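Chemist: Got chain A sorted already, so can you dock chain B onto it with the hints?
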Amino acid sequence: MEALLTAAFLTALLAGAVAAGVPLLLAGLGEQMSEKAGVLNIGIEGMMLMGAYLGFLVAFESGNGALGFVAGMAGGMAVAFVMAILCVGLALNQIVIGIGLTLGVEGLTALLHHFQFSTTYPRLPAAWRMPVPGLVELPVIGPALFDRHPLVYLAFLLVPLLAWLYRRTALGLTLRAAGEKPAALDVAGIDVATVRFLAVLFTGAMAGLGGAFMANVAAGIFIPFMTGGAGFIGIVLAMLARGRPAWVLIGAVVFGGALSLTTALQVAGLNVPTDLIQMLPFAAVMAVLVLYGRKARLPAALGLPYVRGAR
Amino acid sequence: MIKRLMQGAALGLALATFGAVVANAVQVNAIAILVPEEGTDYGWNQQGVDAAVAAANATGVEVITAEGLGYGDIRPTLRELAEEGASLMIAHASGYNTAAPEIAQETGVPVAIVDSPDALVPGLVADYTLSGHEGAYLAGVMAATMTRTGTVGIVVSGEPPSWNAQSAGFAQGVQATNPDVKIVYAVIGPAAYADAAGGNRVTAAVIAAGADIVFGQGNGSSFGMLQAIETTPATDGGKVLFIDVIGDKSSIDKGYLLTSVLWDMTPVYTAMIEDLENDTFGTKSYAIGLADDSVRLLQTDNIPADVWEQVMAVRQELVDGTLVLEPVFDAEGVRALVTSVAE
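In order, the protein sequence lines correspond to chains A and B.
Heads up: the first sequence at position 186 corresponds to 186 in the numbering used here, and the numbers run straight through without jumps.
Heads up: the second sequence at position 93 corresponds to 93 in the numbering used here, and the numbers run straight through without jumps.
Hint data in this document are derived by calculation from the structure and do not stem from the laboratory.
Treat the hints with care, as some may be off.
To be verified - Ranges between beta-carbon positions, derived for each pair:
1) B:Y71 - A:M130: 15 to 23 Å
2) B:R75 - A:A170: 47 to 55 Å
3) B:D301 - A:S62: 52 to 60 Å
Said to hold, decoys possible - The following residues of chain B were derived to be distant from chain A, with all beta-carbon distances above 10 Å:
4) A54
5) P76
6) E83
7) T235
8) V319
Stated by the list, open to error - Selected chain B positions facing chain A (in silico; Cβ < 8 Å):
9) A186
10) A208
11) T339
Because the structure is a prediction, the values reported are computed rather than measured.
In this text, a Cβ means the ideal position worked out from N, Cα and C, and glycines have one as well.
Isolated chain A, as found in the complex (with noise of 0.2 Å):
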């Protein structure tokens, strides 16, 4: 046991709940954009994908990681423009297009995969980190938290700056009628289509911010389908969130830290079935929905599209 109680190993558990973490925090902090506004983002998991492909493939032709996120963001909200012109201009149901976007990405970019990089399976060399100083010489959480990549650090700045903009400012405002009484926005002279529609391309550039960070710095290489349902715990997340930030944040943490906590218990040659280990991590989420999911209140006119004059 003592052996496993090194700062080492207990270094890579942290980075790794934080490398497990930050993809489901984007996606969460997008998704609850997309609620927010009224708009049940189900296609979340196929903008990840896409942000992971265009991500992976920009940053490795070109060699400059940071092109590499801009595209990621560009192919979620690609995918997410598709969402948008579908489901609040042409009132489409949400889910339906949202399921469809998904299963057409996972199809695309697993082709273009075949094409491009079946062959050759390229990887990119290790993520670019950025020390924080003063506290990167911090035992064990140093190295694990204050020497990160700096997308690490944007994402945990964005859940103060989006609780901000909710609670503080005429846009969030805005979006929170949206989501709510549609109705009552356009009566005050503001297009909810239009605000539906910028919300939905924000979820799809953190979604895709996320799938590019899974591709380039928590895996350094794409394969087909490597998302596995992250954008799905992304909606979870967002919902069990109510509507704040910060809460999308601590699902994200408890369940990025209870796959590592997987990790470590395994590693550790606990002699229970891994399933029941594996099981941690859905089970910390569950156990999140059943103490405080009671609570929750979505927006009253999430997943109602809105067509003015119909009641």
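Modeler: Then chain B, alone, in the frame of chain A:
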């Protein structure tokens, strides 16, 4: 007279049996293989597709490949392949074990499934629960001989029986060679075959726990393992080496591949085609092993000559039968072999 009568009866019985066999035998014109990921993954999927092509070429039949099908419902694909005239459909993923026999019953086209030895249906459903445990044992011998830190790791993206057998074989090889070497074991997820990020994360943790040689089994996720190995130094500051399974990743290796437990499924698929034609399909199990080189270790520049010689000597013992190794197919058996915190 009686002797003649008996000879005649025996001849008649033989002819009747032959006639029945001919009547029930299947004329195999085409085989199909269905794989969940691309047939270019340097692993399970690629070896399956390559072996199906080789077996078809060897027996003079056509081959249809359906790749990248994912782990969802493949019933529509199976029906389509049956309509296209496949005489045998090889469902090359444990996730297909429910759908494939159902479609076999529905269409009458025989299927082969994996890791389900109890699911045999004569003439309709065959199983191939393959195990490279002997090859993994040799890899364990090699790892125990070459580790600098005294710790080796096993990382898997799931616990299907064939992978459990290899994990256990690897652990047994390590323990038989040097019982003082610690073995750490971690599963990425219940079915995390494409989870490259998870492969990277878990492998980095296993390396941080002291492993300087990692035995990885993981389809797409194995590329994440490889990336972790290429970017994470061992606890002694040196290089970490990777032991792969099933396929040969030499062409994309950056100098970290120690060896691979290579599988060749060609003899298995060839035997299936022959069994269909002889009306014995679905009546027996298929195996791969060291003796016919359908399981073998990949030789790389990272293996010193004396270590390779030592490993080949153990191989000979396994082939001769001087050393007998029973496969362990259950996950509990694997966990019993790895080092626990109590030790």
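Chemist: Taking the least C-beta to C-beta distance, is B:A208 closer than 8 Å to chain A?
Modeler: 3 Å, holds
Chemist: Would the least Cβ to Cβ distance between B:T235 and chain A come out above 10 Å?
Modeler: 6 Å, violated
Chemist: Taking the beta carbons of B:Y71 and A:M130, is their distance inside 15 to 23 Å?
Modeler: 37 Å, violated
Chemist: Going by Cβ atoms only, is B:A186 closer than 8 Å to chain A?
Modeler: 4 Å, holds
Chemist: If I claimed the Cβ atoms of B:D301 and A:S62 lie 52 to 60 Å apart, would that claim hold in this structure?
Modeler: At 32 Å between Cβs, range violated.
Chemist: Confirm or reject the statement that B:A54 sits farther than 10 Å, beta carbon to beta carbon, from all of chain A.
Modeler: Answer for B:A54: holds, closest chain A Cβ roughly 19 Å.
Chemist: Could you let me know if the closest chain A CB is still more than 10 Å away from the CB of B:V319?
Modeler: B:V319 is indeed farther than 10 Å from all Cβ atoms of chain A, at 32 Å.
Chemist: Taking the closest pair, is the beta carbon of B:P76 still more than 10 Å from chain A?
Modeler: 13 Å, holds
Chemist: Minimum Cβ separation between B:E83 and chain A greater than 10 Å?
Modeler: It holds; B:E83 is separated from chain A by about 22 Å at its closest Cβ, greater than 10 Å.
Chemist: Under 8 Å, Cβ to Cβ, is where B:T339 needs to be relative to chain A, so tell me if that hint holds or is violated.
Modeler: Given a least distance of 5 Å, the restraint on B:T339 holds.
Chemist: Could you say whether the range 47 to 55 Å given as a hint is met by the Cβ separation of B:R75 and A:A170?
Modeler: 53 Å, holds
Violated hints, in rising order: 1, 3, 7; the structure is consistent with all others.
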